Amino acid sequence: MPYKSREKSKIIPNKPTEDQPQEKSKKTPQLLRGMKDILPEDQHYWDFISRRVDATAKTFGFGRIVTPVLEETSLFVRSVGKETDIIEKEMYTLDDKHGSSISLRPEGTAGVVRAYIEHGMLNRPQPVKMFYYGPFFRHDRPQAGRYRQFHQFGFEIIGDKHPVLDAQMLMMTYVFYQEIGLPISLQVNSVGHPECREDYKKVLVDYYKKRKNSLCEDCKNRLQKNPLRLLDCKESDCQVLMQDAPQTVDYLCEECNEHFVSVLEHLDGLEVPYVLNPRLVRGLDYYSNTAFEIWPEVYNPVEEDKDEDEENKEDKDGENANEETEKNIEPVKPSSQSALGGGGRYDYLVEELGGQPAPAIGFAGGIERLINEIKMRHIDIGQPTPPDIFVAQLGDEARKKILKLFSELRKSGFQIAESFSKNGLKPQMEMANKLGVKFTIILGQKELIDGTLLIRDMESGLQETVDYDTIKDELKKRLANHGVRKNSRSTNRSSDNLS
RNA sequence: GUGGCUAUAGCACAACGGUUAGUGCAUCGGUUUGUGGAACCGAUGAUGAGGGUUCGAUUCCCUCUAGCCACCCCA
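Its first residue numbered 0, the first sequence is counted upward by one per residue in numbering that gives the first Met the number 0.
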């Protein structure tokens, strides 16, 4: 990163041409469009999500599966659907060295289903419950909450079509967001099995054809290409038409209808709140019957906590008050990308991909979007804990010895920070302070000779000489005390704030 | 893929058609060769790339690239 080319050089054109051989470019390499680095300081969000996914999956008895990022192109064409935008224009597709077409996965279900078939999972107790998280790729134009490499997690239940499984999947999804503390709404619909859907499509197209003139340009296209999408157009004229448009649920066959009713009954029994959304359709071809999405509740930062203690302000609470008001005023843009995730049944996909028929249901959620929401709403995900202690040294001899101490303490399970390459004590203390460690151990000439160490309590600034050999016990004792003190302190503090 | 806005140091911002492109934070060093959360002093570091107009462009124009926003689509 520190490297910077002074030379100004021509940008290599995007399309590699023959007359542009592998001339060395002096241009500093750059992130590919739509890609994003996840830096150390953001890592705790990602850790948090993966912990939550793991925990939720575990309590529902799901096993993790990791499938490759690269698959045969045909896997996605056959599952996601030839006609979809994802396949038509958004896949990263390339020829491997033998000329077969391979693609970066644009979504997760296809790979899981492929694995289900390939490993004969139909011989396991059914249904098989699996979850995943990882990177996915779509060559779309980047935008808020939309990247070309993005991350999703997902849950899949393959091998049974009982409506209780739909309900379980919905509950699991709901619970996942609930336990994070994110207010969401669960939007539910049924699109029926393929025949119902075809019937419905016909009726829908008929309906719109008669009113074609008042449709927007996009919708005229959709009428041809993807009629179900007519239902979520944002144009006001189209929205008016939508009001009276036929609804999927009215065109379900008896079986699909029963299934859907049963799912909803189970949901009611579970007391999982949901919103029946007859206009909800999903973009991928393989969905059938139950379809659902997770929408974040509209975020309204202004409403948060408006205290009316204007008068107090002048007197005592200079800093605290400022901090708080700052937080509330901080401008937060609501995300325009509405869905945090979505899912549904895919009863015909396993068969479509050449396996024995096996009905299934799944969900996939976007991690970047979820993290956005978490940040926007200041949801508590726990703070990354600083290291316990810092070891500081003065002089070359001390440096040698401190390295050994570091290694011993590390083995004993302490979390230690250091800054071995620094010389003065001051920069080391600064570092210790910035990191927020509780204690700093100092080893200089004097201590080297005496066989002692200095322990400095970073909060109080008090320091004490201790015998080198007793350091581990000393630290253990002090860290234990510190924990207790800190806890009692922090409860005091919070009550102070409340009053 | 379509449209709109934008591009100055690691970050946040400033400036001007004209000498050396400023400030804050951060980083590094010093005031103190053994002490952090304070102060002071100093240093490193930038006009996204290419072309054009001009005596002179970071500023004006074009192209490219990237970012943001909306559409499309979706997570």
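Don't read these hints as lab results, they were simulated from the structure. Just to be clear, a hint being listed does not mean it is correct.
Claimed, not checked - Below, computed lysine-lysine pairings styled on DSBU-like, alpha-carbon distance capped at 30 Å: (1) K437 <-> K476; (2) K374 <-> K471; (3) K208 <-> K57; (4) K421 <-> K374; (5) K437 <-> K421; (6) K81 <-> K211; (7) K128 <-> K224; (8) K211 <-> K200; (9) K96 <-> K128; (10) K57 <-> K471; (11) K88 <-> K57; (12) K35 <-> K211; (13) K88 <-> K208; (14) K476 <-> K403; (15) K445 <-> K425; (16) K96 <-> K160; (17) K374 <-> K403; (18) K128 <-> K57; (19) K96 <-> K81; (20) K233 <-> K201; (21) K425 <-> K471; (22) K471 <-> K421; (23) K209 <-> K233; (24) K374 <-> K476; (25) K57 <-> K81; (26) K35 <-> K96; (27) K399 <-> K410; (28) K209 <-> K219; (29) K160 <-> K219; (30) K425 <-> K374; (31) K160 <-> K201; (32) K410 <-> K421; (33) K219 <-> K200; (34) K208 <-> K410; (35) K201 <-> K128; (36) K201 <-> K88; (37) K433 <-> K445; (38) K400 <-> K224; (39) K160 <-> K211.
Remember, predicted model here, so these are calculated numbers, not experimental data.
Kindly indicate which numbered hints from before are broken by the structure, ordering the numbers from low to high. As far as the earlier hints go, 2, 3, 4, 7, 9, 10, 11, 12, 16, 17, 24, 25, 29, 30, 34, 35, 38, 39 are violated by this structure, in ascending order.
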